Structure formats: C-alpha cells, structure tokens
Amino acid sequence: MTETLNVLVNDGSSVGAYTLDPIAPPKSTSEITQLPTLEHKMFLRDLRSGKVKQICVLVADDEYVADIRSATVFTENERVLSSSSMDESVLNEKTRVERYDSQSWESLKTNPLYEDLVGFKDVFPEPVPCELPKDKGIRHEFDLKPGSKYCVMKQWPLPREQVLAIDKFFADRLAESHVRESTSPQSSPTFCLRKATGGWRIVHAFNKLNAATVPAQTPIPRKDVIIDGMSKSTIFSSMDLMDGFYQILLRERDIPYTAVSTPSGMLWEWLVMPQGLSNAPATFNRCVSHLLRPVREFAPSYFDDVFIHSRAMDGKYDVEVHRYLVRQVLTIMRKHQLHASLKKCIYAASEIPLLGCIVGKNGVRPDPEKIKAITDCPVPVDVKGLRKFLGLAAYLHDIHAITPRRLYTSLVC
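In this text, residue positions in the sequence shown follow the working numbering: the first is 26, and each later residue adds one.
The hints are simulated quantities; they were obtained by calculation from the structure and are not laboratory data. Computed from a predicted model, the values in this text were never measured in an experiment. Among the hints, erroneous ones may be present.
DSSO-like cross-link-like pairs, simulated, lysine-lysine; straight-line CA separation at most 27 Å [to be verified]:
#1 K146 x K257
#2 K159 x K257
#3 K368 x K146
#4 K134 x K395
#5 K368 x K220
#6 K369 x K159
#7 K368 x K248
Hey, can you work out the whole structure from these sequences and the hints?
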C-alpha cells in the first residue's frame, strides 16, 4: 500500500482527480470536494509512469461514498482503458451474444479510439450497401474434375413458412445485385435451417457440385503462429468482417454452376461467392490475407476475423501506437470495401477472445465459454458421445495439462 491514493470522483457534473490519505478516507461528498485537486493530465502521467501503485474509483451520492458497489482497483502498470476492455469477470458474466447486443456507437464514446472510428463509419455500415462489390483483385474460381457431368439435384417441397423466407432472401439479394435469374443447365436445391436465435438460415445443397470440384490447397493460418506473433503486445483490437463471402465476385465462367432452385419455382445464379461452396472459405481467406498483407505484421487475419495488436514504442504510449495502426487497417478496408460489424468489434482492450482463447498482455488462457461447453457436456455413455467430448476437450489441448491422447488411442485401437 502506498502513502497516497489517487481518486477519480464523479459528482454528476464533472470528473475530478484528488489525492488523499488511505488511512483516513473521506466519508461524505463534502469531504471529497475539499480535497486538494490533482490535475487530470498529471494524474494520467503518474499512472502511466508507474508512480501510482493503486487507484480507487469512488462515486459519491448525496451523503456517502459508495465505495463498495462502484470501486474499481487497478494494480501497478495497468492502464485505464475503455469499456471495450474485457477482463475475466466480464467474460464470465456475459455471453458473447450479450456483449454484441450492448455494443453501439454510444457505448464506444468512452473508447480512446472513438474519434478515429467515427471517421471510418462507412466501414461499419448497417446494413451493408445494396450494390455489387468492386473487384478486389481476387475472384472465386473453381475447376471441375475431368469427366464431371452436369451437377443437378431436384428441389424438394418445403413448408410455406420456409418458402416465404427463401423468397424474401432472394428478393433482398436481387436488390443488392448479388444474384440474377438463370437459364443454366446446372441446379442445386435450397432449404432452411433454424437459427439458434430464431428465424431461418438459407442453405444451398451444393453436394454434387462440391464433389465434382477440384479442392483448393490454400493453407489455413495457424492459430499458434498468430498467438505467438502477439507476444509482448499490451493493447489489442479485433474486427469481424460482415457478409464476407458476398464481398467477393465470382469468375464469370463459373457463375452458371452456382444456379440454385427455390420451392416457388425460381432459378437463380450467384454473381458473388455464395456460402456452401467447398473452396469458398479458402478463397475468402486468401483474399483477406492478400488485401491486408501490408499490415499483417501487426494485424493478422483468420478468415473473417482481423486482430490488431501493439505495444509502446519509439517513445509513444501503446494507445498512441494502437490508434495509428488501427487507422492503417481501416484505411485499407475502406479502399477495398471490406465491411465490419460494429457490434462484434473490440477496440483498445487489454485482452481479446481469439479462436477459443483469451489473449492479452498477461498471456493466454482458455475462453470461459469454451470451458463452459466442456463442463456442461453430458457424461458420455457411448462411443459417439465420447468422441464429442474429446473433440471439445482437444480444442484446448495446447492449454490444459492433461491431454486426451490415451483416450484417443483407446478409441482407435
């Protein structure tokens, strides 16, 4: 415990910084307001230099200081970050969906990157502009295996609710110039899957087309390489690209192969890369990696996720460096019309979720949601259930001490 504590006090109209004796802290609003004033810039300077060992944030009401329900303590060398900063308690208490729902431009006003983000609002459209995307230099293309015949599957009937959902889906895609009516001899059926949050997910059964497609050999980014590259970083951001597949054009001669039928009797063909094609993820990852190549040293990507990390350097604070790097990434995204979902983005945080882990300045730990999925998994009673459990546990095999190798061996043998 140091001899003094620096206290930020919110009196409802302004925020002040004061110095007090921790042995005899103030008990009322009047006592707090009579404390000697510490200039806010000086307070931040002392905080960053490590002179301040502990901070107690107190909110005063009419008579007393609510020091229990609103106190926040930061240890040495920690910085005051924004509400986007995520600690373990926040991750444990809120699901990822709840965090997404609470994110908005209003909630980002306290973020140190807010002014920079506002300057790039066009990168975070809601919804995505209704137009055919520009050519990004990489189009989705695929070749069929020698001797492949027409890839045709008959459309099967669906309930009226699903038929209406499919018709609305294609009406929206037509308005965005993503599809056009087709006369192709190819045809793949369309059906629906129920979303966990309600509504319908539109799916195309490209089974025959995928079976006839020559598989792409594009390498997938390695999780360990991405995490290792973030070592020594102290501040992090992450962005989720929105409607990523629909931002990539199809090679002209491949368009007829993507023809899909609907229960209402329509035949559509895609002008952009649809979901469900076997090589689509590889093309998307290759496109994003290509466009972000100039910044990949500090902004690696994994399919539709972009991670930005930095630390203090060249006499600049880590936040200053991070602001500059985020602007570089957003500039590239604007140039190539890559759109991100504001609700799924995290900016200027001390740690971020990354591929089943939480990566931060203090190292790597498992994502609480992944741990919950393992602990909530029912006790296996057959081989299928055991395989499911092992699949969940093995995802974090590089973090936990006990690996299920022996169980895997038993299953194989």
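Indices of hints not satisfied (ascending): 1, 2 and 4
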